[in-house]
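Visitor: Sequence:
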Amino acid sequence: MAENNNQEKQFATKLIHFGSEIDETTGASSVPIYQASTFHHHDIFNPPTHDYSRSGNPTRQALEDYIALLEGGVRGFAFASGMAAISTAFLLFSTGDHVIVTEDVYGGTYRLLTTVLNRLGIESTFVDMTNFEAVKAALQPNTKAVFMETPSNPTLKITNIAEVTAWAQEHELITLLDNTFMTPYHQRPIELGVDIVLHSATKFLGGHSDVLAGLAVVRTEVLGKRLKQLQNGLGTVLGAQESWLLMRGMKTLQARMEHSEKSARKLAEWLDGRSDIVRVYYPGLKDHPGREIHEKQSKGYGAVVSFDVGDGDRAKAVLNAVKLPLVAVSLGAVESILSYPAMMSHAAMPREVRHERGISDGLLRYSVGLEDIDDLIADLDQALKG
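All residue numbers for the sequence shown refer to the working numbering, where the first residue is 6 and numbers rise by one.
The set of hints was computed from the structure by calculation and includes no laboratory data. Don't take every hint at face value.
To be verified - Simulated pairs of lysine-lysine, DSSO-like, Cα-Cα distance not exceeding 27 Å: (1) 141 - 301; (2) 321 - 304; (3) 267 - 14; (4) 271 - 321.
The structure presented is a predicted model; accordingly, all values stated were derived computationally and were not measured.
Make a model of the complete structure from these sequences and hints.
Guide: Spelled out as structure tokens, the structure:
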């Protein structure tokens with residue numbers, strides 16, 4: 006892992022000086038891409054650090070140490086996608102185990118739990134984690150873990166991380182948290198007691214809509230050894246080229262997040278002042294029910310704004326009328342992305358389940374990029390009026 010003296014540096018400095026920013030052999034200002042599947046054993050009795058790229062690759066190792074440093078964990082892991090990271094983490098559990106999960110969780114996580122892991126005998130209960138009593142009531146004799154997503158996707162509900170982790174530790178439960186929306190720049194769950202932090206690094210960490218990747222960071226060496234065994238056994242690893250691309254994107258994380266958040270706050274306030282918008286979801290709004298808790302555990306509000314335009318027909322009309330944002334799945338890129346959760350990120354959820362969780366047919370999710378915010382607002386204004 007990166008040198009300990011990095012721990013005292015400010016976050017912006019860590020992003021650039023993370024321990025592998027200069028190649029020790031050549032002095033190159035970029036981590037080399039070790040495009041190799043296997044490595045020579047110079048001495049068969051003293052195997053090299055890396056022997057096969059599924060088990061470990063120097064480029065991927067630099068990335069894994071990088072994210073561990075940023076999150077404040079003991080060990081990081083890089084996977085082929087965010088869902089590969091989440092799926093591998095869930096395979097820490099066995100037939101007969103039970104997991105408590107945020108109810109309006111990302112649709113891919115919901116699909117994994119309800120169509121794959123349930124067939125393996127891993128049970129899950131979805132609860133509104135803004136209600137701590139509901140979390141406690143979901144505890145069963147076979148409960149092994151709590152999976153949090155805060156802010157949740159796409160309705161941006163806030164879970165009190167420290168409260169849940171303290172309770173989970175009392176019951177010897179493993180805590181997992183999807184930190185995709187906030188990134189370690191805004192929110193470091195391990196410092197609040199979370200055991201495993203997960204990312205779809207495709208989003209804000211990569212930041213350029215050009216790499217598919219997932220990351221995980223663990224709080225303890227014991228969990229690190231278990232997750233490493235799963236990563237190696239399943240082969241769900243990130244390639245060297247993608248590892249390098251992700252590190253390049255991560256270097257500008259703070260600058261991108263600061264710009265996008267400033268714009269997102271302006272967009273949310275503008276939407277909140279319109280009479281033709283049913284509801285706006287953004288933790289930075291004064292009337293957001295989870296704002297106070299969010300401010301205690303996060304440094305910022307993020308760059309994702311969700312809003313309900315009333316019904317599915319109007320939502321689709323807006324999607325067809327906007328000119329600047331990509332109309333696409335995903336989020337967290339330099340370009341703004343407007344998504345329709347009902348048919349994109351949460352299409353795997355049955356309609357009645359979506360509606361129960363506040364994911365209506367009129368809900369749109371706006372990931373604010375680096376464009377001029379006045380241009381983005383003017384564009385959305387003409388689409389809403391149309």
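Visitor: State for each hint whether it applies.
Guide: To see whether the hints hold, each was checked on the structure:
1. A threshold of 27 Å between alpha carbons decides the hint, and for residue 141 with residue 301 the separation of about 22 Å falls inside it, so the pair holds.
2. A hinted pair counts as satisfied when its Cα atoms are at most 27 Å apart, and residue 321 with residue 304 does not qualify at roughly 34 Å.
3. A threshold of 27 Å between alpha carbons decides the hint, and for residue 267 with residue 14 the separation of about 24 Å falls inside it, so the pair holds.
4. Of the pairs offered as hints, the one joining residue 271 and residue 321 holds, with about 23 Å between alpha carbons and a cut-off of 27 Å not exceeded.
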